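Those protein sequences? They're chains A and B, same order as listed. Just so we're aligned, residue 16 is where the first sequence starts under my numbering, counting upward by one. Just so we're aligned, residue 346 is where the second sequence starts under my numbering, counting upward by one.
It should be emphasised that the hints constitute simulated quantities derived from the structure, not laboratory data. From a predicted model like this one, the values you see are computed outputs, not experimental measurements. A virtual CB, placed ideally from N, CA and C, is assigned to each residue, including glycine. It cannot be assumed that every hint is accurate.
[To be verified] Subject to a maximum C-alpha distance of 30 Å in a straight line, what follows is the list of computed BS3-like cross-link-like pairs (lysine-lysine):
#1 B:K351 to A:K155
#2 A:K288 to A:K29
#3 A:K155 to B:K416
#4 A:K168 to A:K155
#5 A:K155 to A:K188
#6 A:K188 to A:K288
[To be verified] Some chain A residues well away from chain B (every beta-carbon gap over 12 Å; in silico):
#7 N20
#8 I42
#9 P48
#10 E150
#11 H166
#12 V167
#13 P206
#14 S285
If you want the building blocks of each chain, they are given just below.
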Amino acid sequence: MSDYNFAYLDEQTKRMIRRAILKGLAIPGYQVPFASREMPMPYGWGTGGVQVSAATLTPDDTMKVIDQGADDTTNAVSIRKFFEKTAGVATTEETAEASVIQTRHRIPEEPLREDQILVYQVPIPEPLRFLEPSEVETRKMHSLEEYGLMHVKLYEDISRHGAIATSYAYPVKVEGRYVMDPSPIPKFDNPKMEMAAIQLFGAGREQRIYAVPPYTQVVSLDFDDYPFEATKADAACDLCGAEDSYLDEVIMDDAGGRMFVCSDTDYCCSRRKAGFVGAKGTAFEEDAA
Amino acid sequence: MTPLLKVQNIAKFYGGRIGCTDVSFDLYPGEVMGIVGESGSGKSTLLNCLAGHLAPDRGEVLFETRSEGMKDTVTMSEPERRMLSRTDWAFVHQHARDGLRMNVSAGGNVGERLMAVGARHYGDIRDQAIDWLGRVEINESRVDDRPTQFSGGMQQRLQIARNLVTGPRLVFMDEPTGGLDVSVQARLLDLLRGLVREMGLSAIIVTHDLAVVRLLADRLMVMKDGHVVETGLTDQVLDDPQHAYTQLLVSSVLQV
């Protein structure tokens, strides 16, 4: 093992965070203040998510970390290694194998199960922040359920762009009560939030934790004549051919060449292993990089 | 006829200093009441107490609510009071920037109150916003422009449209023509007078400009050092002032 206490944080801190998590689960969508600790990484790199994960992990857990859906980007690799070192837990890249999944800005394509926990990294937990700068006022608006302002933002979108142009961090109403920022996930993922797994949200710099319990109603805000649409690039994955997954656009050269690939690397990989091949893909080889 | 607003012995103190004290009056539906006085006379404090922005230290403000009849707005719960202030009440600030969202388009500004009371149909909200912009003489083509691109007079008219869109019954106005040049003031007053008559609004207008109350107000209340020194019909008070301070106030107006 290591010289760290299990999962880096001391036991008192983890208890404090667990109390905030339990309160968050009891009041779906409500932002619970907590005493966020300094973590050995800069704010904005997932300090909130890491603290929630640390308080959630047990030695038997298997952890998966994704960053924009990918297991192999800097943020994901660093956080995975962090917990390998400080908690000694097993890690995996396979969604189905994991019991705790920390995510930055995506929900895995594969549906999650009741025995899984999804931990989101949240930069700005307050959905009303850019409309109302005062925290005192936004708290009052939440407590009195005054959410007309949220629709002003959507109104502005339509009047300026002809459609609701907000494509990520799309505001949702949880269980008919609190309006919540789903963290900057693409709005394509919003409908998936009514899921079997527990969803926990941690914002380190802003010192807030909130949660969505399993099978909780999550409704994306919209207008009667401009209903919510979960959008994605109008293409299929060029590697695995999937038409139902969220796609990243990758610029290939200076001549305008581009390809679309699944943002969820594990999903793409498992499809390729199963023999699916996209327009620009090749058959999967076990030793390929 | 029952009064729309019944104010009884309102007092507000700032520590040992008097903000306003012993103010009582009734306001009837369709009536416009002017409150005049010099700077520091307590007229803005009084208005803020009436509109629920400040909690008075003493007294009652009874408002004839649609559902429950006369109700004290000082002791009612905050959600109820805030609901009133976005449905039956309107507040026009002296500085339009205090009453508008400067980074939201004109249409969004007018639509905010509609959305706050549950409107969820974009087309309807927009139609109503355009209708109201027309009523306050702002061209339909400006509906998607931000208030920062508007002149001072237009901003003030936009603020009025934004406040009146939900069909309030009582409008509080704090120096609505302050800081505007005279020709713009005249147009704004004309507009306000038309809207008040047309919609049968009751209004309380705080101003130091006697010409404004002469044009708009049915009744006048003169304040000095936190006290009401004289009340009466506007023409009566202005033409035959009884209290020494009112006499000074009326005679101080520059004659052109």
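Hints and how they fare:
1. Distance hint between K351 of chain B and K155 of chain A is fulfilled; the C-alpha atoms sit about 28 Å from each other, no more than 30 Å.
2. Restraint check for K288 of chain A and K29 of chain A: not satisfied, since their Cα atoms lie roughly 39 Å apart, outside the 30 Å limit.
3. For the proposed pair K155 of chain A and K416 of chain B, the alpha carbon gap of about 23 Å is at most 30 Å, so the pair holds.
4. For the proposed pair K168 of chain A and K155 of chain A, the alpha carbon gap of about 19 Å is at most 30 Å, so the pair holds.
5. Restraint check for K155 of chain A and K188 of chain A: the C-alpha separation of about 17 Å stays at or below 30 Å, so the hint holds.
6. Straight-line distance between C-alpha atoms of K188 of chain A and K288 of chain A comes to about 38 Å, which puts the hinted pair past the 30 Å bound.
7. The non-interface label for N20 of chain A is consistent with chain B: the shortest C-beta to C-beta separation is roughly 45 Å, beyond 12 Å.
8. Distance check for I42 of chain A against chain B: the nearest CB is about 18 Å away, which clears 12 Å, and the non-interface claim stands.
9. Every CB of chain B lies more than 12 Å from the CB of P48 of chain A, the least distance being 21 Å, so the non-interface label holds.
10. Consistency note on E150 of chain A: stated as away from chain B, and its beta-carbon is indeed over 12 Å from all of that chain's, at 17 Å minimum.
11. Remark: the non-interface label on H166 of chain A conflicts with the geometry, its nearest Cβ contact in chain B lying 4 Å away (cut-off 12 Å).
12. Listed as outside the interface, V167 of chain A is inconsistent with that label: its C-beta sits roughly 5 Å from the nearest C-beta of chain B, within the 12 Å cut-off.
13. For P206 of chain A, the non-interface assignment is confirmed: its Cβ lies about 19 Å from the closest Cβ of chain B, beyond the 12 Å cut-off.
14. No Cβ of chain B comes within 12 Å of the Cβ of S285 of chain A; the nearest lies about 41 Å off, and the non-interface call holds.
Violated hints for the displayed structure, listed by number in ascending order: 2, 6, 11, 12.
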